[in-house]
Amino acid sequence: MRVLVVEDYKPIRDSIVKGLREADYAVDCADNGQDGLWYAESHHYDVIILDLMLPKIDGLTILKKIREAGANTSVLILTARDEIEDRVAGLDAGADDYLTKPFAFAELLARVKTLVRRKYSAKKPVIEIDDLKIDTVRRQVTRNEKPIELTAREYVLLEYLAMRAGECVSRTDIWAHVYDFHDDLQSNVVDVYIGYLRKKIETEDSPKLIHTRRGLGYVLGESL
Amino acid sequence: MRSLQTTLMLWIGTTIAAILIVAGAVIYWAVYRALLDQFDGSLDRTGRTLAALIETDGEHLESEAGDHDLSQFSTNEYPEYYQIFGSNGVILESSTSLNGQTLPYEPNRSEKTRFEFALLKNGHNVRTATLNFVPRLEHAEDAHGAVGNDVSDRNQAALTLVVAHDTTELNGTLSRIAWLIVVVTATTILLGLVSAAWVAKRGLRPLRAAVDDIARIDGKHLDVRLDLNQAPSEVQPTIAALNQMLDRLKETFQREREFSANVAHELRTPLAGLKSTIEVAVSQERNTNEYMHSFNECLTICDETETIIANLFTLSRVDSGKCAVTNEHVVLPQLIRDTWSSFAQTADTRSISLHLEMDESLEFETDPEKMRLVLRNLFDNAISYSPNGTNIYTACNQQADLAVIQITNTASSKLNNADISHVFERFWRGDKSRSQTGQHSGLGLALCRSLIELLGGSIDVSVSSDNRFTASVNLPNKSSKS
Numbered sequence: 001m002r003v004l005v006v007e008d009y010k011p012i013r014d015s016i017v018k019g020l021r022e023a024d025y026a027v028d029c030a031d032n033g034q035d036g037l038w039y040a041e042s043h044h045y046d047v048i049i050l051d052l053m054l055p056k057i058d059g060l061t062i063l064k065k066i067r068e069a070g071a072n073t074s075v076l077i078l079t080a081r082d083e084i085e086d087r088v089a090g091l092d093a094g095a096d097d098y099l100t101k102p103f104a105f106a107e108l109l110a111r112v113k114t115l116v117r118r119k120y121s122a123k124k125p126v127i128e129i130d131d132l133k134i135d136t137v138r139r140q141v142t143r144n145e146k147p148i149e150l151t152a153r154e155y156v157l158l159e160y161l162a163m164r165a166g167e168c169v170s171r172t173d174i175w176a177h178v179y180d181f182h183d184d185l186q187s188n189v190v191d192v193y194i195g196y197l198r199k200k201i202e203t204e205d206s207p208k209l210i211h212t213r214r215g216l217g218y219v220l221g222e223s224l
Numbered sequence: 225m226r227s228l229q230t231t232l233m234l235w236i237g238t239t240i241a242a243i244l245i246v247a248g249a250v251i252y253w254a255v256y257r258a259l260l261d262q263f264d265g266s267l268d269r270t271g272r273t274l275a276a277l278i279e280t281d282g283e284h285l286e287s288e289a290g291d292h293d294l295s296q297f298s299t300n301e302y303p304e305y306y307q308i309f310g311s312n313g314v315i316l317e318s319s320t321s322l323n324g325q326t327l328p329y330e331p332n333r334s335e336k337t338r339f340e341f342a343l344l345k346n347g348h349n350v351r352t353a354t355l356n357f358v359p360r361l362e363h364a365e366d367a368h369g370a371v372g373n374d375v376s377d378r379n380q381a382a383l384t385l386v387v388a389h390d391t392t393e394l395n396g397t398l399s400r401i402a403w404l405i406v407v408v409t410a411t412t413i414l415l416g417l418v419s420a421a422w423v424a425k426r427g428l429r430p431l432r433a434a435v436d437d438i439a440r441i442d443g444k445h446l447d448v449r450l451d452l453n454q455a456p457s458e459v460q461p462t463i464a465a466l467n468q469m470l471d472r473l474k475e476t477f478q479r480e481r482e483f484s485a486n487v488a489h490e491l492r493t494p495l496a497g498l499k500s501t502i503e504v505a506v507s508q509e510r511n512t513n514e515y516m517h518s519f520n521e522c523l524t525i526c527d528e529t530e531t532i533i534a535n536l537f538t539l540s541r542v543d544s545g546k547c548a549v550t551n552e553h554v555v556l557p558q559l560i561r562d563t564w565s566s567f568a569q570t571a572d573t574r575s576i577s578l579h580l581e582m583d584e585s586l587e588f589e590t591d592p593e594k595m596r597l598v599l600r601n602l603f604d605n606a607i608s609y610s611p612n613g614t615n616i617y618t619a620c621n622q623q624a625d626l627a628v629i630q631i632t633n634t635a636s637s638k639l640n641n642a643d644i645s646h647v648f649e650r651f652w653r654g655d656k657s658r659s660q661t662g663q664h665s666g667l668g669l670a671l672c673r674s675l676i677e678l679l680g681g682s683i684d685v686s687v688s689s690d691n692r693f694t695a696s697v698n699l700p701n702k703s704s705k706s
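Chains as they are written, first to last, in the numbering used here: chain A, 1 to 224; chain B, 225 to 706.
Please keep in mind that the hints were generated in silico from the structure rather than gathered at the bench.
Please note: incorrect hints may appear among the correct ones.
[What the hints assert, rightly or not] Cross-link-like lysine-lysine pairs, in silico, BS3-like; alpha carbons within 27 Å at most: (1) LYS638/B with LYS64/A; (2) LYS474/B with LYS546/B; (3) LYS56/A with LYS638/B; (4) LYS474/B with LYS444/B; (5) LYS638/B with LYS10/A; (6) LYS65/A with LYS638/B; (7) LYS146/A with LYS113/A; (8) LYS10/A with LYS65/A; (9) LYS113/A with LYS18/A; (10) LYS133/A with LYS146/A.
[What the hints assert, rightly or not] Selected chain B positions facing chain A (in silico; Cβ < 8 Å): (11) GLY497; (12) THR501; (13) GLU503.
Note that this is a predicted model, so its numbers are computed, not measured.
Think of the CB as a built atom: it goes at the ideal place given N, C-alpha and C, for glycine as much as any other residue.
Just chain B, same shape as in the assembly:
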């Protein structure tokens, strides 16, 4: 893309050039018309004067004026010419300046004088004026004057007079004017371009200043804001938009930083557990049972860490849009039972029982692996935060074109709606109900939401007045859409 300065300069330059060229052409044309009209007027007058001086005796033509009075027809550097033709085109009389050449003869049928350009044999460019006239009779003028004229007009045949004047002077004047216009136009265009460049550069100075400011901004300097007051009003919306973008970037960076700090915390804690468990175990000789106990503890920590890492990995894949969805026919009640089976033993030992209320025929087109992960997290949450000897209720049925799955458990500690408004935030833990770090790293529900949204559904949580926690999933049927 061409620079804004060049573009501005080119546009301003082209516009000035176009205006000047049109204006120059108009001026030239007007001057040309005026000069030519003047030239033609003078030629016409010469012709008419000449016609008035021509007399005839019936056979010969004679000029009243002597040859010396009509010197412009013989001696001038740019001479005038005349030639008189009879009605049949016969040359009756020529000026001496013609020197044997002929002027173009074309009978003029109108009353008005006709003007034309012509080229003489001697290479001179001339302007011709063609007019009709009736010569006076020589004797009538002597005796009766005006009366004789009338008689001659009636009896004499009309002759054609062609008067010509060299146009070299006229052409010289015209070309001088043309040159003047061209030079003035070219100079103006050039000056226009230079000043356009200067104006563009000066006008773009605030932008360049903003660019310098922007160049200084990186991940560590997101507090820098561009000065809105220094910018001209046209640039202000851009600057404001950039500042808003910086606000958003800063927020995102902040979130990312918090997220990495949380990730570090979540991974350091089990690592610290693993390390101190092993260190204490090997600090002295022990019996096999004690070692076994420590090893089992380490294994549990490894499992928890594995879950955290798997959750983080899935979350980041969903976030980056790399998580592919593979839809299949899924019998939802079947999937719920399957998922529960891996928790059944834990639930049993804690006397927690599952109550199902499901539409057994509910079949949906969705991604079974993603749904399994969601259900696993929801069940895990429900069991972990349920007091021993309580019930978990699971409902699954169709409402309109959505499958609605609800998992309800009794919360082990008092929850309120302000607490649970944060449950979908990553690494948030309902501190009051949190029993330990590790598997319940506060990623479960965040992951559930990301996955459900990936499947086109929604998830919500609520707490009832008798402190029961419910997670509701609304899942669309993917086959109905396609």
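Isolated chain A (complex conformation):
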């Protein structure tokens, strides 16, 4: 999942970026409103973490512009102002959640996870596709009650496909939502990781789950 962090205070920005990357999110960051708006308009993000008091363009303006452009990105406002009017103004402008500073990083992480699930209309933290179960909280995957060990990248790829289960997901989408711009990756990395995933979740006595749509992308589970 790709997250944008727009925060002008370096220690907060650095620690959020570091913490999210360690939780296997693809993260971009901006230290001012202008750069933040450019990132938000030119990329597809699952979640944007937005400070309100920003240099150049303030957070509320960015939020309004994102919503005017019709993007369905989830926006979490992060601010030191905690008056009810501030919250109302943020939520009215189209924010999905609101967190006041100082905050617990664990809570930020949990809220980002919830926003991702909500974006893909997955209300429950456990996604089930046939006999494949993905617990997005514990990051545990089982097939037919048998646990499957996945690496962080494999898990993130599977989770993204599971969030969009039944849809055809393009390589570009996977590239944009799963892998960080900062990682130096080869162009066929998506195909390589799909291969790893297939090996681990598809055994001989269970049916195929990941289907290839030639020239379009991949579908997890039954195609609609």
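Since the structure of chain A is provided, determine the placement of chain B on it from the hints.
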């Protein structure tokens, strides 16, 4: 302080009482004079009638009228008295009513009748009238009448007649009038006081209504305004002044609230940074270098927070007037160099160089610690907002009796005069040039101004057409004043 109602009541009551007492005294005196004149007139007439009836045969006096005609001199309850004295004071004749007593004899040298009060031996208060007369000769009247009179006037010695009348009746009338005046006055004063109290209470009703309104106002209800139209015109200026005071209070409260909200923001932000840095650092095992990096980050945040708190503390002490000024001899160029030395390293790494143009002998009497704080903030500002590789110019010289210190830097982003008109407001940041929250919390220049004003000077900022930002300090010499 006595209540307005009591004061009004007392003043109105005292004034009414004073007027009534004076008026009563005047009326009493006028009535007394009139009654006494009437009494004296009647006594005078009695005396003259009596004198006209007295005849003499040369040796004895005889009244023409019989004793029964002059009954008022003998039988009345409040009788009249008379006594006739010879020129040597010998009693020639007395009324029977005197009953052996004597009336006071004092020869009257004038033509007019003389009136006096006297006390008789029987305890009766009397009014006496003393007049001189010449009795008629008995035989002359028989023969020639008026002619004989002329003869007797010439030959007879003048006698003194004293007529007296009991004053008990007069005194009784006078004291009845006096009582009437006293009772009427006292009743009027009493009624006056009661009505004054009522009028005062009624007149003060709008004030009491205003008091009730005011009692409802507290920090949360500063929007309440007193109704000017309901108040009488005398109270309106007071109500208007109170409303204006409420406006000012509301503004101050608003500013204070904004200030505390800003303080909270400024302190929450570094706290949030500290917390998330530590949380992320301890979320998994790391190598020493990574931990060191996080610790150093935390230390930086602590330093920034310390600066914010120190600035806030100094500001509030200056605001509350608790900041003492200790003036000393200060060599200003020396102080400027000292202050710069703590920024030299940072400036060096960013290739920012300092150019000095100072009157090296400039010595002023001022508070060095406050000046150091001002210079530190100005240099910090100049370095923070300068692009790498630019120059900072500092000038320090004397103009008239002021020391003028100017610090000029190239602004890293485009500034205009509208932007910088707010720089002295607390927590204001030139957003366009602001790089990060933290140390540059928008308190620096506000603090500079408070401190410079405490030292009796002034500070101003300007932006040149080539985007150079200048802070100018005008500092007075404290020794020249004392």
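So, going through the hints one by one against the coordinates:
no. : hint                   : result
1   : LYS638/B with LYS64/A  : holds, 26 Å
2   : LYS474/B with LYS546/B : holds, 25 Å
3   : LYS56/A with LYS638/B  : holds, 12 Å
4   : LYS474/B with LYS444/B : holds, 10 Å
5   : LYS638/B with LYS10/A  : holds, 23 Å
6   : LYS65/A with LYS638/B  : holds, 25 Å
7   : LYS146/A with LYS113/A : holds, 25 Å
8   : LYS10/A with LYS65/A   : holds, 24 Å
9   : LYS113/A with LYS18/A  : holds, 16 Å
10  : LYS133/A with LYS146/A : holds, 10 Å
11  : GLY497                 : holds, 3 Å
12  : THR501                 : holds, 4 Å
13  : GLU503                 : holds, 4 Å
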